[in-house]
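Based on the sequences and whatever the hints tell you, model everything.
What follows is the residue order along each chain.
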Amino acid sequence: MTAAALWTTVLVASLACFALKLAGHLVPRSWLASERVSRVTTLVTVALLVSLVVVQGFADGRALVVDARVPALAVAALALALRAPFIVVVFLAAATAAGLRALGWG
Amino acid sequence: MNVPSSTPAVRAAVRQGVSVSVATGLYGVSFGALSVAAGVGLAPTMALSLLMFSGGSQFALVGVVGAAGTPVAAIATATLLGLRNTLYGAVVSPLLEVRGWRRLAAAQLTIDESTAVAVAQPEPAASRAGFWVTGVGVFVLWNTFVLLGALAGDALGDPRAWGLDAAAAAAFLALVWPRLAPRRAQLVAALAVVATAALVPFVPPGIPVLAAAAVAVVVGLVAPRGPGAAGGPTDADDTDREAVR
Chain P
1 MTAAALWTTV
11 LVASLACFAL
21 KLAGHLVPRS
31 WLASERVSRV
41 TTLVTVALLV
51 SLVVVQGFAD
61 GRALVVDARV
71 PALAVAALAL
81 ALRAPFIVVV
91 FLAAATAAGL
101 RALGWG
Chain S
107 MNVPSSTPAV
117 RAAVRQGVSV
127 SVATGLYGVS
137 FGALSVAAGV
147 GLAPTMALSL
157 LMFSGGSQFA
167 LVGVVGAAGT
177 PVAAIATATL
187 LGLRNTLYGA
197 VVSPLLEVRG
207 WRRLAAAQLT
217 IDESTAVAVA
227 QPEPAASRAG
237 FWVTGVGVFV
247 LWNTFVLLGA
257 LAGDALGDPR
267 AWGLDAAAAA
277 AFLALVWPRL
287 APRRAQLVAA
297 LAVVATAALV
307 PFVPPGIPVL
317 AAAAVAVVVG
327 LVAPRGPGAA
337 GGPTDADDTD
347 REAVR
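Line order of the protein sequences matches chains P and S. First residue of the first sequence? That's 1 in our numbering, and the numbers climb one at a time after it. First residue of the second sequence? That's 107 in our numbering, and the numbers climb one at a time after it.
Treat the hints loosely; a few may be bogus.
Claimed, not checked - Far from chain P by the CB rule (all over 12 angstroms, computed), these chain S residues:
1) A143
2) N191
3) E229
4) A231
5) V242
6) L254
7) G259
Said to hold, decoys possible - Here are the computed distance ranges between Cβ atoms for each label pair:
8) P/G104 with S/L262: 20 to 26 angstroms
9) S/L210 with P/A95: 34 to 40 angstroms
10) P/G61 with S/A267: 14 to 20 angstroms
11) S/A258 with P/W31: 22 to 28 angstroms
Keep in mind the hints are simulated off the structure, nothing from the lab. Glycine included, each C-beta is placed from N, C-alpha and C at the ideal position.
Right, here's the structure in full:
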């Protein structure tokens, strides 16, 4: 790709991504005000977060893998069940994965 | 934007935002190193990172360029992956209530992490604090570390060795945890896991998240209201009680 083509690609794609973000913010408030929509939004929030856990915890490109992230998530779940603070949960997960990788696994 | 009064919920949201910003921002090293290695120079790499500011789309565009793909393919892939940010914008916009240039800033900062922290909060002031702290925090750290990665290559090491990928996964888990009490939320969570895991091997990254959201919309529209749904007055009441415990 030439420098001009590369810059064009970067700028057009960035503009498209920004337009997509802004479009969401410009959805009329009245569309989102009903009780039914707020019920759906509550469930969409759960689905988005759970889906991000799966992608961030198990996906490697387009493959699903079991590596050091999985025991780290298990430790995080245990910490959450014991009502540990957010930062502790995140730190324990990082430490678990880092430790296992330092030992040569995952 | 009002300066949020410092309630415990606001302070918790700020702490969560900072944690998520660090775990995510440091990952910029990977993108900077990969982008330069793929033949995208330093200046285009930084332009991409500052202007596009959506990790999945950035990695995808650089991947297509590195594989000698066409500009159209690179733009289409990055745009497809950015589609979920439209949904995020629609979800966080009513929480933020911003106008003018702040709305443009909010749009640019609308990504997985800022949305996740904002929607997980029990009250609007905490949602706003969570969104802005996470959005600005990730923006500053991500771009700083993209620059470092682009300049230093792999010399800074692999963020995976520090467990930062697991930290990000754990952060999302911690954000959804208090919302899983209602029966219907558990059903949606299970379906989201199945939908995501089933689609990851077959569609571009970013699409499984949209599919999981679509499943939640269907459940929300077809499931009857009633005692079997949440075991309490309403789903929302249950969720709120759990979130502020």
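Right, here's what the structure says about each hint:
1. A143: The claim stands: S/A143 keeps its Cβ more than 12 angstroms from every Cβ of chain P (closest is about 15 angstroms).
2. N191: The claim breaks: S/N191 does not keep its Cβ more than 12 angstroms from every Cβ of chain P (closest is about 5 angstroms).
3. E229: Nearest chain P Cβ is 15 angstroms from S/E229, so the label holds.
4. A231: holds, 18 angstroms
5. V242: Check passes; 15 angstroms lies beyond 12 angstroms.
6. L254: holds, 19 angstroms
7. G259: holds, 19 angstroms
8. P/G104 with S/L262: 20 to 26 angstroms: holds, 21 angstroms
9. S/L210 with P/A95: 34 to 40 angstroms: Given about 39 angstroms between the Cβ atoms, the range holds.
10. P/G61 with S/A267: 14 to 20 angstroms: holds, 19 angstroms
11. S/A258 with P/W31: 22 to 28 angstroms: violated, 47 angstroms
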